[in-house]
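Put chains B, C and D on the given structure of chain A with help from the hints.
Chains as they are written, first to last, in the numbering used here: chain A, 1 to 417; chain B, 1 to 417; chain C, 1 to 417; chain D, 1 to 417.
No wet-lab data here; the hints were simulated from the structure. Keep in mind that a hint or two might mislead.
Since the list gives no way to pick out one identical chain from another, each pair is judged satisfied if it fits inside one copy or across any two copies.
In silico SDA-like cross-links for lysine to any residue, where the CA-CA straight-line distance does not exceed 25 Å [said to hold, decoys possible]:
no.	residue 1	residue 2
1	Lys86	His11
2	Lys86	Pro37
3	Lys86	Met36
4	Lys86	His61
A quick note: this is a predicted structure, and the numbers were derived from the prediction, not measured.
For reference, the chains in residue letters:
There are 4 protein chains.
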Amino acid sequence: MTAHHLDLLSHFTTVRNRSVALVAPLSAEDCGAQSMPDASPAKWHLAHTTWFFETFVLEAHEPGFVPFQPAFRVLFNSYYNGVGAKHPRPQRGLLTRPPLTEVLAYRANVDARMAALLPVVAHNAALCALIELGLQHEQQHQELLVTDVKHLLSCNPLWPAYLPTAVVLPPAAPALHWQPFEGGLTDIGYAGEGFAFDNESPRHRVYLHPYALASRLVTYAEYAAFVDGGGYQNPALWLAEGWDWRAAQALEHPLYWQRLEGGWHSFTLTGLQPLEGARPVVHLSYYEADAYARWMSARLPTEAEWEHAARQSLEKPAFSQAPHLPGDDFSDADAVQMVQWFGAAWQWTQSSYAPYPGFRVADGAVGEYNGKFMVNQYVLRGSSVATPLGHERISYRNFFPATARWQFTGLRLARDL
Amino acid sequence: MTAHHLDLLSHFTTVRNRSVALVAPLSAEDCGAQSMPDASPAKWHLAHTTWFFETFVLEAHEPGFVPFQPAFRVLFNSYYNGVGAKHPRPQRGLLTRPPLTEVLAYRANVDARMAALLPVVAHNAALCALIELGLQHEQQHQELLVTDVKHLLSCNPLWPAYLPTAVVLPPAAPALHWQPFEGGLTDIGYAGEGFAFDNESPRHRVYLHPYALASRLVTYAEYAAFVDGGGYQNPALWLAEGWDWRAAQALEHPLYWQRLEGGWHSFTLTGLQPLEGARPVVHLSYYEADAYARWMSARLPTEAEWEHAARQSLEKPAFSQAPHLPGDDFSDADAVQMVQWFGAAWQWTQSSYAPYPGFRVADGAVGEYNGKFMVNQYVLRGSSVATPLGHERISYRNFFPATARWQFTGLRLARDL
Amino acid sequence: MTAHHLDLLSHFTTVRNRSVALVAPLSAEDCGAQSMPDASPAKWHLAHTTWFFETFVLEAHEPGFVPFQPAFRVLFNSYYNGVGAKHPRPQRGLLTRPPLTEVLAYRANVDARMAALLPVVAHNAALCALIELGLQHEQQHQELLVTDVKHLLSCNPLWPAYLPTAVVLPPAAPALHWQPFEGGLTDIGYAGEGFAFDNESPRHRVYLHPYALASRLVTYAEYAAFVDGGGYQNPALWLAEGWDWRAAQALEHPLYWQRLEGGWHSFTLTGLQPLEGARPVVHLSYYEADAYARWMSARLPTEAEWEHAARQSLEKPAFSQAPHLPGDDFSDADAVQMVQWFGAAWQWTQSSYAPYPGFRVADGAVGEYNGKFMVNQYVLRGSSVATPLGHERISYRNFFPATARWQFTGLRLARDL
Amino acid sequence: MTAHHLDLLSHFTTVRNRSVALVAPLSAEDCGAQSMPDASPAKWHLAHTTWFFETFVLEAHEPGFVPFQPAFRVLFNSYYNGVGAKHPRPQRGLLTRPPLTEVLAYRANVDARMAALLPVVAHNAALCALIELGLQHEQQHQELLVTDVKHLLSCNPLWPAYLPTAVVLPPAAPALHWQPFEGGLTDIGYAGEGFAFDNESPRHRVYLHPYALASRLVTYAEYAAFVDGGGYQNPALWLAEGWDWRAAQALEHPLYWQRLEGGWHSFTLTGLQPLEGARPVVHLSYYEADAYARWMSARLPTEAEWEHAARQSLEKPAFSQAPHLPGDDFSDADAVQMVQWFGAAWQWTQSSYAPYPGFRVADGAVGEYNGKFMVNQYVLRGSSVATPLGHERISYRNFFPATARWQFTGLRLARDL
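This is chain A alone, in the form it adopts within the complex:
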């Protein structure tokens, strides 16, 4: 048994256990409900991430493979058309069977079989890469699980808390300053030896015009000034499609905000709380982020600008990760002083999600992973309070439609120079 295998097993165990830990504060009822078609029940996330290993790894490589439950192949498929039928997404919340206990048993079963398989396949690099993909996939679902649970709980007028309240007073946000970048020819995309998603490759050359980026993210206090200053009533600040979207739903503020006595509040992972002005604002759609930037006579960065600037900024040894999941946002004084590239909020870019030059879709069902979503979505860079530690990467490309608000999505301003 090699060190490599031990590493993979350890990694496997750590990631898999974290998923189960995320539902510890939840009841079986909490884990079963689905608050909107875009979200999935926590139970479904637990099962689907397990289905990945059973379908793509065990089915092909386990001697004498017998599925834990044949029906799960359809129930917990998500979008892999190549794998066959799938349960309709908007009806995931109706799957009260299998119960949570059975899904946890499914996880334990697959974990044990995977643990048995790993020594046997440790030298199969392609398979190890596939297992790594499964773990990265699971980490993505861990973030979705948190955002989906938050959305579900926000639909309950009892305002239940997912996490206990952190008793940390947020410091004031540091002053924002503009950091200039010269641009020119630069390379973006993943280049190392470790794992990266297919959409981060190939590393390739781009030409950047001079630009400046804000030294930190936009805060709740700053965004509240936009809201209170009539930002949601002025069509000149909005993309036409964004204005129509806003008007059709009569939106007057970001998701989860409520104006109560005492001022703006927001529903957070610790329940309904007064807006903490110094924290990075999250739960913005692309339209809202873009409108705010226009109000500030600024714009959203491109993803190439973001990556170029992050690379230059993070080469310093002082870079460290923000703590995760204590409140809704990081609550540690150090974190607010950070450059906030990671761990604070996903940052909308103006870049449409598109293939890099030379991008090739992998063969087989796994090839459905990223490429087929490359239309009408926008790239987000960085990572959020809900992103598992170690999952973030400078070349990481998250993506969502312009309307998405239930993710931890904020923004960093950019300007032409």
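Here is chains B, C and D on its own, set in the frame of chain A:
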């Protein structure tokens, strides 16, 4: 303590306990999900029926009233605008809090407080009538709970059973014959001393033309002949609105039917089962019932015809109740021999749900009970396998929109003479 | 050539010419547009009523029949499934070809062929009845043409007038008093020798409880008091479905009303005009009519009550018809003094549109005329300012869904005695 | 009067007259109808392009300005929020008033006033630029007018022709070969002295990787092979969103195709015609273009690749324009031999419509022209058979949502090298 009070307490306990018994086969997850806006989670039924007693009885009459949980006043209000705000109906399935255990505690708490109150108020006839209304209301929700659970489980491709399979071979249905009625002047509506809903009054005179009714309900086998004979492809058999409804959803058979190898199957309370041809067909919309009747050169009865015929037929001492809830439909050989006025299926009538001459809505929120639904619904008579024993009445007026299919709704044919 | 034939030819010519006269104030553009799926272009009405004669009369009886344009068979079919395909209703406004001129040529062609056929078939009673049905059908479309044109013009912010303004000051409405009726056994439905639609038969016996009817219709001034008195904000006054309908569209007043400087205005056939308080209010949905009645502690009459009362009231020789189409409503002082059974507004009844006892659908496509609409519609009695003179009948049953507002629909109050 | 002014007046007259010429084959009825919310009536295009000159030029510069009709300011505003209210877009087809004759009078009136104004303002460069923008705007609407009329006529089962049939036999398409381009640093965007839209600026540097472009556009015959080869049944070929879009509408072929006896037909500007296999395929959505490219193991070009390649290819003097509007597509043998950069079909690129580096929105209402649409649209390059001669430009950026099919949209394949 009077006998009357003891009767009321005993009745109260019996009805309330039956609701809890109905969820015994279900998990907390099963009880929380909502499969469509028309249906409610079982947990919601349990809480809402309790809310009725706390809001309309305890709040007004209990000394030192303190609500079990103030937020429940909004969460478990259904449609009583007079009582204030209500949680949006389509989002009842998102209320993972309070958990089922807390709703059961809410029930126990209110039951204990009601048990304490009953001796004190036994001589308050108006209040006792209100409590009786609450119990009848709960019995209505017991039937809805069963139909809603059935619908939820039908959305799960695992086809879970709510009840264990009854191992009774269904006998052949008896031959259908036509029973003539002379008609003329007759009185319909409730006239006795016991409980009846406001919509059954006043008892009043109507004039009936001669008519005939079928001696029993239409069976699955008979309806399958309509399906297999092209009934769903022939617009001449359908009301125009029914045809458009059918076409828009591409419906080719009643709800819950599936054509598998081996022929028609139906999802039932005991899971997916081959169609039992001799049982009364259920889960028909008004449109489907009407189309079948037209195919048979017959029609649906009016509610006055139904009541008139039922009164004449049921004056015999041999009348007895059908057994309840063993399978999806009654499974006892005796039952099939019965006239099937009650306990087999709600029977669509051609009568639009409208006020009887002289009908008056009661004052206050309780007045919202029935009157405000008197438009675009059709009256169903009889009772079904899911109706609690003793809840049925010859003058009982159930009502649903013409599109409703998830109730146990069938039909009895009628003809002009 | 018999007198009977001459009468039929004269009747044919009169009715057919009136349709063409109705579009005299309109351009070809006006005649082609369709403002909503419920409405049809005027050009379509002109063609469809002609299609009826070509399809049901000429095709079967004209020697050497050749269709004017074979494609019209599909284009101008409305809902007769028995006749074959039909153009999708919501797309009638896209038929810019054939142009209006060709549709008028189609009318002239069919009229000439019908004039040639009539002497030959004068003794064929069944065919003459079918022709009479075609003319009555055309008169129904004449009313729809006017209401559809009114709706179309109301969508134009230029507020074009269909008719020149009548310069008649409306008198005050007479005081409303309640006229009692004893009820008892009575016969309703058509019984004479002349034409009546199938849905008015068979004449049959009903039993009526004592009731009272208002001596005249509800006026604009009276309804404005309901609007201004918060009628559209009080759910206790509304049927539940009506309240939801109102809330979903945020309705605060009847169709065509606008609150301008100077008070309530209404879009009429003569353009935008101040509300004339003494006229009967029109353009109410069933829900609005019902809510107003509840506010007045009254109710809508049943159709049997209406017919019974109208028969008793109209046996006096003084009964005469209201003038037609001068403004939106009748504008003659005499008319306001009338009992307003006819010529003022269709009057909602609480009766769902259902078959009379013994009703039978005719064979063939013509049998699709009425019976297949007998669900989820409500009967209106009387006739309106847009009803062709002579088309009205005491036994006449008009019907529309509870949501319909673009017809000239008002109400007369009723009460139990 | 300067030569410059004479040029502008001549240009003005030419462009304005062409709009009127485009409706010559149409009736007033044809010009008034609107077949879908995305399309506008021809009459509306005629009026709106006139409104532009009256609102943005005459209102500010004409001495003693009096609007032709004040109501037109709202009626014929399109999306300029800065100008105030606008008539709801989906209801443009209901504006039967003003009639076409009045809109033509409006055009003549504004044209005469503009002709009087032009000499006075000839030296006002900013105003001349605005007038030029108005003419370019009108040319854009000329193309929309043609595509909207085509869509309207396609909804009519009489299949009316807009243009007389061209009797030209299409030659076979030339063989497709791949033309390689080295890429590297290059500049794209407009750089000359003449007119260009704001979205074509600033000219800026980009880095291109080596690529190849197909020597001509994809033809009907090639696309039919994709359709007949199961392209619309294989999800692996489609973007996920494209597949869902296709499935929801059960699409099996491009817009306007019909499979009749004798094979594929297409509705064209000359009516329903057999598919002409050698012509460039048009009326594809982005999804369909992308799926075809995947099927061919190719991809869509980026807009920078397209512009870079077009510049290199068109520097030869032999470049000439394709003829316009003879049939649906060019029908001249020479044209098929051309490189088809312009005049054949708009060519989807994989580039999301986004601002160029340094892009600034103009002040005032005119600033709403392009920038506010820069989200969820894709850039098309080239020009089509419906584009006015002289309107095309190498740097021209047309844009539509991925779902749009009613424009003359085709594709040219690209590959990485």
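Verification of the hints:
no.	hint	result
1	Lys86 x His11	neither (29 Å within a copy, 48 Å between copies)
2	Lys86 x Pro37	both (15 Å within a copy, 23 Å between copies)
3	Lys86 x Met36	both (18 Å within a copy, 20 Å between copies)
4	Lys86 x His61	within (23 Å within a copy, 54 Å between copies)
Hint violations for this structure: number 1 only, all remaining hints satisfied.
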